[in-house]
Structures are given as C-alpha cells and as structure tokens.
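Enquirer: Sequence:
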Amino acid sequence: MKISSIILLLYICLFCHHIPLYAQTREGNTEIKPLKIGETIPDELWKLPLKVVNDPTGKKEVTLEQYKGKLILLDFWGTFCTSCIAGFPKMKKIQEDNSDKLKILAISAEQKERIAKFFNSAVGKEYTYINSTYGDTKLDKYFPHQTIPHTVWISRDGKYVVPTNTYEVTQENIDAIYRNQPSTMLKKVDIKQKMPLLLSDNFYINNNLNLGFYSLFFQGYYPGYPTGSNFKRTKDRKKVFGRQMTNMKLNAIVRAVASQLFTENKEHFSEKRIILNTTNPYLIDTKLNFEDQLPNKQYYSYELIVPEEKADSLYTYMLADLNRYLDVTLSLRKQMTDCLVLVRTSKLDKFKSKGNSSGRNFSVDQGKLSVKDEPLVNLVSLLNDIPLSKLPVIDETGYTNNIDLTLTGINNLEELRKSLAQYDLDLQEAKRDLLMFLVTDKK
Numbered sequence: 001m002k003i004s005s006i007i008l009l010l011y012i013c014l015f016c017h018h019i020p021l022y023a024q025t026r027e028g029n030t031e032i033k034p035l036k037i038g039e040t041i042p043d044e045l046w047k048l049p050l051k052v053v054n055d056p057t058g059k060k061e062v063t064l065e066q067y068k069g070k071l072i073l074l075d076f077w078g079t080f081c082t083s084c085i086a087g088f089p090k091m092k093k094i095q096e097d098n099s100d101k102l103k104i105l106a107i108s109a110e111q112k113e114r115i116a117k118f119f120n121s122a123v124g125k126e127y128t129y130i131n132s133t134y135g136d137t138k139l140d141k142y143f144p145h146q147t148i149p150h151t152v153w154i155s156r157d158g159k160y161v162v163p164t165n166t167y168e169v170t171q172e173n174i175d176a177i178y179r180n181q182p183s184t185m186l187k188k189v190d191i192k193q194k195m196p197l198l199l200s201d202n203f204y205i206n207n208n209l210n211l212g213f214y215s216l217f218f219q220g221y222y223p224g225y226p227t228g229s230n231f232k233r234t235k236d237r238k239k240v241f242g243r244q245m246t247n248m249k250l251n252a253i254v255r256a257v258a259s260q261l262f263t264e265n266k267e268h269f270s271e272k273r274i275i276l277n278t279t280n281p282y283l284i285d286t287k288l289n290f291e292d293q294l295p296n297k298q299y300y301s302y303e304l305i306v307p308e309e310k311a312d313s314l315y316t317y318m319l320a321d322l323n324r325y326l327d328v329t330l331s332l333r334k335q336m337t338d339c340l341v342l343v344r345t346s347k348l349d350k351f352k353s354k355g356n357s358s359g360r361n362f363s364v365d366q367g368k369l370s371v372k373d374e375p376l377v378n379l380v381s382l383l384n385d386i387p388l389s390k391l392p393v394i395d396e397t398g399y400t401n402n403i404d405l406t407l408t409g410i411n412n413l414e415e416l417r418k419s420l421a422q423y424d425l426d427l428q429e430a431k432r433d434l435l436m437f438l439v440t441d442k443k
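Under the working numbering, the first residue of the sequence shown carries the number 1, and numbering increases by one thereafter.
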C-alpha cells in the first residue's frame, strides 16, 4: 500500500499545562510513591485489602499476599473500555492454562454499583468469570498510567517487571517471566493524549508559537496510545477543531470521517451507504479481532488539527488528507440507489408515543426490536444498523412525533414487514437519489 511518510504541517498554537495522573497528598498523610521497574513490591502493598467481585472462592476481599509465589498480572480496566472487555476471553484462557503459576486480577477504580451493573447487563453477564477489584484508589498510584487496558507484571519473587498492553499477555511471555528469562515484550509508555501525536514537549518551550495546521498519519500499532478517538474543542466546547484517532483499523478511521460528513449533510451514515470498489483488505475488513491487536500493519493512527476558525471544515480537510495518504479515492456522491423506503399505509396513528419513558428507550435482542418514546428517525437508524438487508433504509413517512412500537422478525424482511403492518407501516423497495460514500482504487 502506498502510505505517505509522516507529514507534519506546523503553524502553531498553545496548550494548557497537563495535570498529573495521581493527586498530591495532604500534609500529614502517607504519600504513595509510584513503583519503578525492578523495585520490590513493598509489604504494605502485599497486605493492602482489595474489595472484589466474582472471586472464584467467593471472597469479598483479597490481598496480593494471597498470590505470593505466583506470577501476578494486574489488568487495569473500566466498564467503558471496549478494548479491555474484548480482551477478557483471552485473559480467561491464559488464567485457566496457567492456574498453578499465574494470577490475573482485574483492577477497576469504578464503584461496586457500576461494576455490578455491568456484570448483570446483557453484555457483561458473559464475563462474570472475571475476578475484579472495585473502588481502587491506591493500586492506581503505585502503578500510575494514563490509558487502559494497562497490564502490570509482578514476578513470582515479588518484583515489578514491566507495564504492557494486553496483547503482550501470551503464553510465551508468561513462561519467560515466570522463569525469570529475558523477554521481548514491548513496554507500554503512556503518552499525553492532549498533546498532538508525537509532537515534542520542546515545541511548547517557546510561548510565541501557535499551532495552526497539524497533520500526522502512520501505520503500525503504537504502545502507549489507546484504541479510539480524542477531540480538541474550542473553549466554549461548541466546536471540534481537531481529532486524534489512534491504534485503529483503517476502515474504522475512514468510516469515522464518512459518518461525520454524512451528519453535516443531515444524512444517517451506515455500512449500507458505502460502495467499495477496492481490493485493499484493510478497507474491506470491518471486523476488529482483539487477537490481531499486535504491532503490525493492520493498525493506523491519524490526527488533524486546524485553526479554530476552520473548525466547520475539519472533516472536509480530513477527507482530503486521507485521499493524499491512501491508495484509494474517497468521495461523497449522490446517485440513484436501490433502497427500502419506510412508508405509512394509512392515516391512522397506531404508534404515537404515550410518553413517560424511563431507562433505556430502545433495544435489539433475539430478533426483536423495541422503541419507546423516541423519534421515528431513530427506528430508521436501527433498521440500517441490523443485517436485515444490504439495501439502505430511508424514511418517507413524514412523521414527526415520538413513537412506541415493538417489532419481531427483524432478521427477515418479509417477517419484519408483517410486524410493521400492525402499525400500518411498510418497507417498500424503490430507487432514490441517495448520498453514498465511494471507496475506489486509484489507477
């Protein structure tokens, strides 16, 4: 693939000072000193009481001392961290395969109520095998970090070995560290996300400089950055003038830009609005396999910062950037397209919301879709996001009130049409002039 070399376009701006991750202690309190690699775990840390859920022996509180003599992995995570959760099955297998010599303990700063809510949810109930702390305020200070997932390795002789990303948790590395042998693990070095990607701290020594345009694009997994996005906003928080996307698959970066451009055009973006005329596997593959999260060519990082007065054009600039960096042409174009049109079959209002909704207002589960006290446009968005048909769904009902409805058979078009009929609604095949996102190989 043709990838432009790292491009820095610097015309300059200033950022505020960064706040340390761990707070200073009040006078008279014992300060927790962050441990350095190679240091021995202090006695007070071994004996530190840790409140836990999902302990295999039913305990409500444990200490690290209980696992002395084993290799210990502290897996810092959060219920909001999809990468952390995606790694749970891998951690389960590693733990089961090494139960005699390894203890993996998930560490969370979130309170018990939030942790319990997660493990009781439709998503979280699948992971109740994860033994996790909650309400942690001290381990985070012994092992400070800025991003999660974050894995701390403690050797069986009680020394702090190294912090890593979760992808370094492999059988090969487990065996090496357990035997006190050299390892090729990549140390995780957290990087300030508020800083532009890879920009030197020295840049801000000169207070006369202002960062105007900044663009950087590179290929390969970069330890220390999370998988996801970070935004730079104006002081009033109303506009975004910079976006940073790190350790993401190329198709995810491209789709993030496309989604925002569709929003600016008052259109809903979905996979069904993409026309792929490319053989590039990194753009075709839409599946994020956690096991593939290695320092390889499948992952990319990209950042663009523009002057604040050009914030409204950020994603237009991004599209132009990607067209320069990649061996494909990305474009938005209206064209006649086969689609499914949602229409009313009578003037009877059978789905007007009764209001007074509380909690979650929509759900998709086991072939059933429910919407409560939501705009009809949200129903259309859900229909576009489920694998019902390859055709995009558009709304031509003209309905503006909120709706209440429950649909079954959403995995089969004819069954769904029968379910819609009870509300005097239908999905009809037609051709419409729709905004589409084209991905085309360059000649």
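Some hints here could point you the wrong way.
DSS-like, lysine-lysine: derived pairs with alpha carbons at most 27 Å apart [stated by the list, open to error]:
#1 390 to 266
#2 117 to 101
#3 93 to 51
#4 60 to 90
#5 310 to 235
#6 334 to 372
#7 125 to 372
#8 372 to 310
#9 117 to 159
#10 33 to 47
#11 368 to 334
#12 354 to 334
#13 93 to 60
#14 354 to 310
#15 59 to 117
#16 68 to 117
#17 238 to 187
#18 92 to 33
#19 36 to 59
#20 125 to 47
#21 350 to 334
#22 92 to 51
Just so you know, these hints were derived from the structure itself, not from any lab.
Enquirer: Could you run down the list of hints and mark each one as holding or not?
Expert: Quick rundown of the hints versus the structure:
1. 390 to 266: Roughly 21 Å between the alpha carbons, so the hint for residue 390 and residue 266 holds.
2. 117 to 101: violated (31 Å)
3. 93 to 51: holds (24 Å)
4. 60 to 90: holds (24 Å)
5. 310 to 235: Cα-Cα ~15 Å, so holds.
6. 334 to 372: Judged against 27 Å, a Cα distance of about 33 Å means the pair is violated.
7. 125 to 372: holds (24 Å)
8. 372 to 310: Violated, because 39 Å separates the two Cα atoms, which is more than 27 Å.
9. 117 to 159: Violated - the C-alpha atoms of residue 159 and residue 117 are around 34 Å apart, more than 27 Å.
10. 33 to 47: Status holds; Cα separation ~16 Å.
11. 368 to 334: Between residue 368 and residue 334 the Cα gap is close to 33 Å, so the pair fails against 27 Å, i.e. violated.
12. 354 to 334: With a Cα-Cα distance of about 38 Å, the restraint between residue 354 and residue 334 is violated, given a limit of 27 Å.
13. 93 to 60: holds (23 Å)
14. 354 to 310: Given that 27 Å is the threshold and the Cα spacing comes to 43 Å, the pair is violated.
15. 59 to 117: holds (19 Å)
16. 68 to 117: At roughly 31 Å apart (the allowed maximum being 27 Å), residue 117 and residue 68 break the hint.
17. 238 to 187: This hinted pair is violated, its Cα atoms lying about 37 Å apart.
18. 92 to 33: violated (31 Å)
19. 36 to 59: violated (30 Å)
20. 125 to 47: violated (30 Å)
21. 350 to 334: Given that 27 Å is the threshold and the Cα spacing comes to 34 Å, the pair is violated.
22. 92 to 51: Cα-Cα ~20 Å, so holds.
Hint violations for this structure: numbers 2, 6, 8, 9, 11, 12, 14, 16, 17, 18, 19, 20 and 21, all remaining hints satisfied.
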